[in-house]
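*Asks:* For the sequence shown, UniProt numbering begins at 1 and goes up steadily by one.
Take the hints with a grain of salt, since some may be wrong.
To be verified - Label-pair restraints from in silico Cβ distances:
(1) S523 <-> D499: 18 to 28 Å
(2) E243 <-> K497: 51 to 61 Å
(3) W302 <-> Q262: 23 to 33 Å
(4) E201 <-> V560: 20 to 30 Å
(5) D138 <-> L355: 35 to 45 Å
(6) P604 <-> S523: 26 to 36 Å
(7) L603 <-> D408: 41 to 51 Å
(8) D379 <-> N170: 48 to 58 Å
(9) G551 <-> N357: 36 to 46 Å
(10) V560 <-> G377: 45 to 55 Å
Keep in mind the hints are simulated off the structure, nothing from the lab.
In this text, a Cβ means the ideal position worked out from N, Cα and C, and glycines have one as well.
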Amino acid sequence: MIFGRIEAGNVERGIYKNWIVTNGLGGFAAGTIIGANNSKYHGLLFAALRPPGERTLLLAKLEEEVLLRGKSYQLGANETATGVYPTGFKYIQTFELNPFPHFTYVVEDVMLEKYIFMVYGSNTTVVRYSVFCPDDTDFTLKITPFVNCRHYHHTVRKNDWPFHQVTRQNGTFIEAYPGAPRLHLYSDRAFYAKGPGYWFENIFYRTESRRGLDPWEDHYMPGSFLVNLKNGDSVSIIASTEEKEISNSLLKQVEAEKRLAQLVEKAGYHDEFAARLVLAADSFIVHRQSTQAKTIIAGYPWFTDWGRDAMIALPGLTLVTRRFEEAKEILRTFAKYCKDGLIPNMFPDEGMEPLYNTVDAPLWFFFAVYKYLQYTGDDEFVRDTIFPVLKEIIDHYQKGTHFNIHMDDDGLIAAGTEGTQLTWMDAKVGDWVVTPREGKPVEINALWFNALQVTALLARKYGEEARDYSSLSNKVRKNFVQVFWNEEGKYLYDVVKGDYKDAAIRPNQIFAVSLPFSLLDHSREAAVVKTVWRRLYCSYGLRSLAPGFPGYKGVYEGDVVARDAAYHQGTGWSWLIGHFITAYRKVNDYSAQSREVAQQFILPFKAHLREHGLGSISEIFDGDPPFRPKGCFSQAWGVAEVLRAYVEDVLEASQKGQS
């Protein structure tokens with residue numbers, strides 16, 4: 001993926017193209033292809049001090065200056081209160097992502113390449129420079145770090161932090177204030193010169209301004225690295241929370257690139273788009289310190305891990321990519337923490353009880369387990385570790401558990417109380433619940449039916465009585481149609497509560513078709529898909545509400561209140577495209593033509609890889625054309641579901657160990 005001067009050398013065209021690299025701990029480095037940070041979530045080292053949490057910005061960026069033949073060329077770029085300064089993006093010849101960010105600057109007859117990567121399993125970022133120029137040319141490269149020490153959701157202005165330094169010839173240890181996490185900055189060949197210490201003030205973040213948040217920040221410049229270079233030379237600047245130094249940055253880069261290449265090879269897809277998403281998938285699978293196990297980050301740059309997102313994303317991130325051991329570890333962890341029929345919605349970072357405020361995460365757990373068996377055939381693990389938990393969840397949903405989650409007399413699941421949000425449509429502003437879904441949500445009952453069917457299937461397979469699960473699922477199927485089918489509109493109501501039936505056309509009904517076990521007859525399934533395609537499809541996913549209904553908002557913008565008001569009221573969601581494609585192929589009997597159409601549903605995402613989060617899939621899109629990407633620029637379930645649907649429904653790659 002390569003960008004030339006037209007985009008990488010142009011502020012307006014390049015400042016919203018985001019790159020990100022991660023370290024398997026929840027830490028990351030992120031920026032733009034023009035070298036300017038346009039968000040408080042851009043920086044070269046966001047260290048996960050308590051993985052994957054306590055993300056802390058320690059190094060915002062490096063500003064490079066080339067001193068050549070008596071002239072100074074500044075390669076950095078920052079948008080400030082008075083404009084962009086300096087304007088180093090004009091020296092960018094190309095930006096490439098393959099697999100890591102790779103800038104090429106050209107100054108006179110000097111070509112300077114910059115690679116950015118992180119050491120896997122370490123809060124360490126390496127920025128490596130290589131030089132190509134005539135043999136008789138030499139020059140000085142001056143590199144000035146912009147350091148900070150703040151929570152990744154915050155911003156910092158000039159203050160009286162001492163930024164105490166312990167310097168040595170090749171670097172420094174910096175402690176922003178007493179007791180702050182220490183940043184180790186060093187080089188493999190450059191000399192570090194401690195400076196007088198001053199602040200670069202009034203950096204402006206366009207993205208935060210658009211989101212109605214504080215767009216201003218200052219960063220501290222503690223000193224500079226200096227090195228004389230000539231043709232063929234290279235030099236690295238390393239930022240880390242670890243005291244032990246890296247001795248060979250080139251070797252670390254090769255190791256990092258080799259690791260990613262092995263993941264692509266393991267997945268086994270020679271298709272370029274699938275391979276790119278396999279790489280994107282890797283960024284979300286990280287270590288959680290509190291559980292000592294793998295977890296799934298919901299999205300970069302601002303989400304951590306959530307149970308619902310993890311269960312929805314698990315098939316695409318770990319099964320389609322053939323990372324079966326990580327899938328098993330994640331399933332085992334959530335099974336271990338199952339409580340009163342619920343699995344965690346969120347694991348706190350420090351010694352507290354997990355949060356269980358979700359009705360759908362436990363039901364998505366069944367789907368993840370079913371897919372796990374399809375891909376692995378690992379009956380021993382599921383029988384011994386997972387199956388008892390599935391039965392426990394069913395039992396508690398029948399009897400009733402926290403948050404008023406319970407089975408009604410008709411066999412359907414109701415949940416919630418006034419003011420609570422338990423489904424994925426969970427936006428809430430103060431006491432205002434934007435999309436109240438108290439009662440019987442349609443997707444919860446589609447998931448419930450599938451949970452019963454999965455449990456009955458496994459009971460028969462493992463020699464246990466399946467009659468109760470089967471008979472209850474039959475009851476659910478019958479009453480589901482009676483309760484949710486909108487005969488006049490030929491689609492499914494979204495939420496039913498007593499005599500009230502919400503006729504708003506929302507995407508949640510698609511799961512009644514896309515999930516493995518069918519609740520509806522073929523004609524009703526086809527009608528649902530037809531309605532969803534006609535009213536909700538928006539090129540990069542499905543709208544959360546069809547245009548024309550009260551409250552529809554086709555553009556996601558403004559402050560927190562304005563954005564939350566639009567979040568589930570018309571905004572398009574990328575992750576929904578996966579289930580839509582699966583449902584579309586199903587109702588068209590997996591015909592050759594339906595496969596061709598499914599390919600067309602995927603095509604916009606191939607272009608999208610160059611638009612927002614490079615090589616990844618955005619969280620959301622405006623519901624109105626041209627469906628601009630918004631939200632997190634790299635979202636786990638978006639990547640997972642596009643990859644899953646592409647592999648299963650377009651490439652038609654077979655699954656191992658069919659259940």
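*Asks:* Indicate, hint by hint, whether the structure satisfies it.
*Replies:* To see whether the hints hold, each was checked on the structure:
1. S523 <-> D499: 18 to 28 Å: holds (27 Å)
2. E243 <-> K497: 51 to 61 Å: Taking Cβ atoms as reference, E243 and K497 lie about 59 Å apart, which means the hint holds.
3. W302 <-> Q262: 23 to 33 Å: At 29 Å between Cβs, range holds.
4. E201 <-> V560: 20 to 30 Å: holds (26 Å)
5. D138 <-> L355: 35 to 45 Å: For L355 against D138, whose Cβ atoms are near 59 Å apart, the range 35 to 45 Å is violated.
6. P604 <-> S523: 26 to 36 Å: Holds, at about 29 Å.
7. L603 <-> D408: 41 to 51 Å: Given range 41 to 51 Å: holds, Cβ gap about 43 Å.
8. D379 <-> N170: 48 to 58 Å: holds (55 Å)
9. G551 <-> N357: 36 to 46 Å: At roughly 24 Å between Cβ atoms, N357 and G551 fall outside 36 to 46 Å, so the hint is violated.
10. V560 <-> G377: 45 to 55 Å: For G377 against V560, whose Cβ atoms are near 46 Å apart, the range 45 to 55 Å holds.
Hints 5, 9 from the earlier list are contradicted by this structure; the remaining hints agree with it.
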